[in-house]
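Peer 1: This is what each chain is made of:
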Amino acid sequence: MTDAYVYDAIRTPRGRGKPSGALHGIKPVSLVVGLIDEIRRRFPGLDPADIEDVVLGVVSPIGEQGADIAKTAALAARLPDTVAGVQLNRFCGSGLEAVNVAAQKIRSGWEDLVLAGGVESMSRVAMGSDGGAWALDPETNLATGFVPQGISADLIATLNGYTRETVDRYALCSQERAAAAIAAGHFARSVVPVHDRNGLPVLDHDEHPRPGSTLEGLGALPACFAAVGDRGGFDAVALQKYHWVERIDHVHTAGNSSGIVDGAALVLVGSAAAGHRAGMTPRARIVAAALSGADSTIMLTGPVPAARKALAKAGLTVDDLDLVEMNEAFAAAVLNFTDDLKVDPEIVNVNGGAIALGHPLGATGAMLLGTIVDELERRQGRYGLVTLCIGGGMGVATVVERL
Amino acid sequence: MTETIRYERGADGVVTLVLDDPSRGANTMNDAYIAGMAAVVGRLEAERDDITGVIVTSAKKSWFAGGDLDSLRAVEPGQETLALERATAVKEQFRRLERLGRPVVAAINGAALGGGYELALACHHRIAVPRAEVGLPEVTLGLLPAGGGVTRTVRLLGLTTALTEVLLKGKRHRAAKALELGLVDELVETPEQLIAAARAWIAAHPEAAQPWDAEGYRIPGGIPYAQLPAFPATLRKQLKGAPYPAPRNILAAAVEGAQVDIDTAFTIESRYFIELVRGPIAKNMIKAFFFDLNEVNARDVGDTPPIGTVAVLGAGMMGAAIAYVCARAGLPVVLRDVTREAAERGKAYAEKLGASKDLLDLITPTGEARDLAGAGLVIEAVFEDPALKHKVFAEIEDVVSPGALLCSNTSTLPITLLAEGVRRPSDFIGLHFFSPVDRMPLVEVIRGEKTSEETLRRALAVVRALRKTPIVVGDSRGFFTSRVIGTFTNEGMAMLAEGVPPATIEQASTQAGYPAPVLALMDELTLTLPRRISRENRAAAGDAWVPHPADAVLERMIDDFGRPGRSSGAGFYEYEEGRRVRLWPGLSAFSGTAPENPSAEIPFADVQERMLFIEAIESVRCLEEGVLLSVPEANVGSILGIGYPGWTGGVLQYINQYPGGPAGFAERARELAGRYGERFTPPALLLTKAAEGALFL
Chain X
1 MTDAYVYDAI
11 RTPRGRGKPS
21 GALHGIKPVS
31 LVVGLIDEIR
41 RRFPGLDPAD
51 IEDVVLGVVS
61 PIGEQGADIA
71 KTAALAARLP
81 DTVAGVQLNR
91 FCGSGLEAVN
101 VAAQKIRSGW
111 EDLVLAGGVE
121 SMSRVAMGSD
131 GGAWALDPET
141 NLATGFVPQG
151 ISADLIATLN
161 GYTRETVDRY
171 ALCSQERAAA
181 AIAAGHFARS
191 VVPVHDRNGL
201 PVLDHDEHPR
211 PGSTLEGLGA
221 LPACFAAVGD
231 RGGFDAVALQ
241 KYHWVERIDH
251 VHTAGNSSGI
261 VDGAALVLVG
271 SAAAGHRAGM
281 TPRARIVAAA
291 LSGADSTIML
301 TGPVPAARKA
311 LAKAGLTVDD
321 LDLVEMNEAF
331 AAAVLNFTDD
341 LKVDPEIVNV
351 NGGAIALGHP
361 LGATGAMLLG
371 TIVDELERRQ
381 GRYGLVTLCI
391 GGGMGVATVV
401 ERL
Chain W
404 MTETIRYERG
414 ADGVVTLVLD
424 DPSRGANTMN
434 DAYIAGMAAV
444 VGRLEAERDD
454 ITGVIVTSAK
464 KSWFAGGDLD
474 SLRAVEPGQE
484 TLALERATAV
494 KEQFRRLERL
504 GRPVVAAING
514 AALGGGYELA
524 LACHHRIAVP
534 RAEVGLPEVT
544 LGLLPAGGGV
554 TRTVRLLGLT
564 TALTEVLLKG
574 KRHRAAKALE
584 LGLVDELVET
594 PEQLIAAARA
604 WIAAHPEAAQ
614 PWDAEGYRIP
624 GGIPYAQLPA
634 FPATLRKQLK
644 GAPYPAPRNI
654 LAAAVEGAQV
664 DIDTAFTIES
674 RYFIELVRGP
684 IAKNMIKAFF
694 FDLNEVNARD
704 VGDTPPIGTV
714 AVLGAGMMGA
724 AIAYVCARAG
734 LPVVLRDVTR
744 EAAERGKAYA
754 EKLGASKDLL
764 DLITPTGEAR
774 DLAGAGLVIE
784 AVFEDPALKH
794 KVFAEIEDVV
804 SPGALLCSNT
814 STLPITLLAE
824 GVRRPSDFIG
834 LHFFSPVDRM
844 PLVEVIRGEK
854 TSEETLRRAL
864 AVVRALRKTP
874 IVVGDSRGFF
884 TSRVIGTFTN
894 EGMAMLAEGV
904 PPATIEQAST
914 QAGYPAPVLA
924 LMDELTLTLP
934 RRISRENRAA
944 AGDAWVPHPA
954 DAVLERMIDD
964 FGRPGRSSGA
974 GFYEYEEGRR
984 VRLWPGLSAF
994 SGTAPENPSA
1004 EIPFADVQER
1014 MLFIEAIESV
1024 RCLEEGVLLS
1034 VPEANVGSIL
1044 GIGYPGWTGG
1054 VLQYINQYPG
1064 GPAGFAERAR
1074 ELAGRYGERF
1084 TPPALLLTKA
1094 AEGALFL
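Quick mapping for you: the protein sequence lines, in order, are chains X and W. Residue 3 in my numbering sits at position 3 of the first sequence; the count goes up by one each step and never skips. Residue 955 in my numbering sits at position 552 of the second sequence; the count goes up by one each step and never skips.
It is worth saying that the hints were derived from the structure and are not from the lab. Be a bit skeptical, because a hint or two may be false.
To be verified - The list that follows gives simulated cross-link-like pairs (lysine-lysine, DSSO-like), each with its CA atoms no further than 27 angstroms apart:
no., chain 1, residue 1, chain 2, residue 2
1, W, Lys574, W, Lys463
2, W, Lys463, X, Lys241
3, X, Lys241, W, Lys640
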């Protein structure tokens, strides 16, 4: 079987996902085009006609993120007409799913070189604006016990006994690790500054971290999901299913949940032959990938079975891992993952995560893949695992090996 | 076929359609109506050029009573096509009426409910008199309004208002409130003014059409996408997870229908309706809340003497509330307690409920027996102690009218025993009210050994005068209601002792459909009362006593933990400033170390069914022993009196409708007996029904 290699993994900086954020004035398609241009700059020997497909994850694929933004970006970036594009949506796992799909294309031998990644301008296309039967169709909503993810995160915290202080401590750790990583230049290779149409700089660093965070400051933030849980009825939905719990302890806040940001990421995935032709050196091999799922109401525990499945396919165990990136959707989701899978927290999210840096939904998985490859190189580690919790209870996981 | 709708054409070209089903006291949506409507709509279309407008009115006291429940409850699985054709026929007639091209006015001179209000919705303008009442109560019978009621209220009022004010709770609205909500358009003072107002509106609106048939029509408020995900969650919260399919289908039909054209919306509405009408829960609810309830309320009591003045003995919570409901029914009441001050406090309860001055004037508080002179009805509501009850009756027996009806509001003590304290045991009877008396509709009437037929009839007349529903039961410890609810609360406590997490027990009870979680209910009732009853029962049973696992829980809660219930500020729950805040963490003493997900040990379905089953089984025993005299009384009494879930149709209908009928129920009961104790063993009467393939009817 043909192996799938990562030749590079780049991303935009993450802009605060609100009108005051630096990237609010940049269209999502432009974010992608900027990254495609950068790939071409980095690999002058790469014939763009060798790129067979652009696979992009987008979670709210409507409006200016709709209508197959992947092919649209390929056209806008003036890639040859033969370069196809497909947009996919696996909710928060979309960016990693795009990478996995690219790897499947390569490993099947049906394609040789694919750009995979994702984009989400959360400040421009609001989360949830694409509707969907799960939330909006009463019959489906009732049958599946739909709740917003924050309720699920608070349910996990309640079941596992994570107190407000526990989750805030985790959030503080994310901020501290991100600040240290930024100061040490750990993102220098992957982050591609965004420029305006005149070449003037728009943003060259992640905008979301709050490096001066304190436990006191985090502790003063209001719980985000208490009101919707009570008045919206969602606590009742969760408790009717998790009937041995008397009430949900609402511990998640804006400070210990992932940040709303704008951003895009691209990973160049190809076969050894394609790399050779373009004069590129592979950085990592995609060893295995897996999907799994958990109950859709608790929703955010899917990474555990997904990681187990991916490791089993790779013939590895947790002990073989040098690094793990588990998306910091909510502090409790990460804590549950490390507790349940029994991973050493010291190798998980070592450069911080979405709590500090933000979670541009469709792009995050591809960003995490780049983060782990960079860090494996820095540490001269071998195996890394990237995983994300996903709406509907799904989990996606990918095992990579540094070369 | 007889004519159900008269067609009267006036000189001004206005046709008046008079709803007047000659075979019934009220107009309903039966076959005769459908045929009648087909005829008049056809004629209206044929004579359209000579018609200036249409007025729909009724010759009955009520305008139009709604669906025909006999035919609705006869729909079985396999008859979906027939049901769809019927629903479609009704809707098509309405649609043709509203698209006649002439103004159509509903002149609503009485209640327009269900199908009746749906007819009004198909008119262009609705005028009502103040006494009229409108609404779509279908949900209360497990149905949805399928004559266009869901579709048109959504288009008239918007999704949120239609769902919350009309559809999901089936609220009936008085004319003034209906006007405010937009359910009717105009009010007139008298029925006579209705027709004139309707003619005036027709004259002023020759081009009338429905708003939803106009160009550019938009549903008021549009589709509230941002709030929509919370609609189902809010519904689940309100229903506490109880298995009522009708609100779910109403919500779904409303939301789905709002996203398509009106004719497609009608089809969606019919599909959700047919799913309900062919299913068991609508049948259960129609039986309990209409047929059984009517049968129980319709009991002939013959002629009885006037009630006269009521003497209420004991001005505690029950006595005070009984005094209030008697006064509310217009009866003069003398409320007696040991002191006038205590009696005054009892009267204050009526004030707290907002009683008018006229009503308050009917209640005379006193500490003196002599003030009860001449009373024709005595209702005793003192502490549950036979000696005390004997004493208070002895004090007044010679004071009240010589033929006074003597009633005790005991909830558990044998009436025959209490009757030993009076010289006229044949005039003595139990009248068991439920708390809160002003809201609970049931009264359990208990015949003692010596209670006469005449006394029973008089007692039933009293219950009717109080506008409550009576069930007549035989004399045994706890009668029917207290005895059966005791099995429910005991089962809840037994599961606590078995290690089922308390939160699971509470969720299981509300998700089974009980109005209150079982441990919370215990706290309300106080734990000391059931312990006393249990001890009395044990003493009475002697060697035949079968211990119950709940007994130890009661003893420990009271004696070891000092937590006898809400009134003491500590029970299964913790209370802060009188508010229930959380389950007492010390309950883990009963459950030991609960596993993370205990459902692996005792399935959640078992936790629910143990409560539903034990009450049903005990009710069968009551029927066997003659404590219960009829199935309708068992069903109605269990729902109205002790909170047996309404979706079941009552405690015996639950057995009928259980998958497999009584045989399926008996089989499951045996399974539960094997797992959880002999008390689930099916009684002989149940086995007979199961063997015969018969139902409890």
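Peer 1: Against each hint, give a clear statement of whether it holds in the structure.
Peer 2: The hints, checked one at a time:
| no. | hint | in the structure |
| --- | --- | --- |
| 1 | Lys574/W with Lys463/W | holds, 22 angstroms |
| 2 | Lys463/W with Lys241/X | violated, 49 angstroms |
| 3 | Lys241/X with Lys640/W | holds, 12 angstroms |
Going down the numbered hints, you'll see the structure goes against just number 2.
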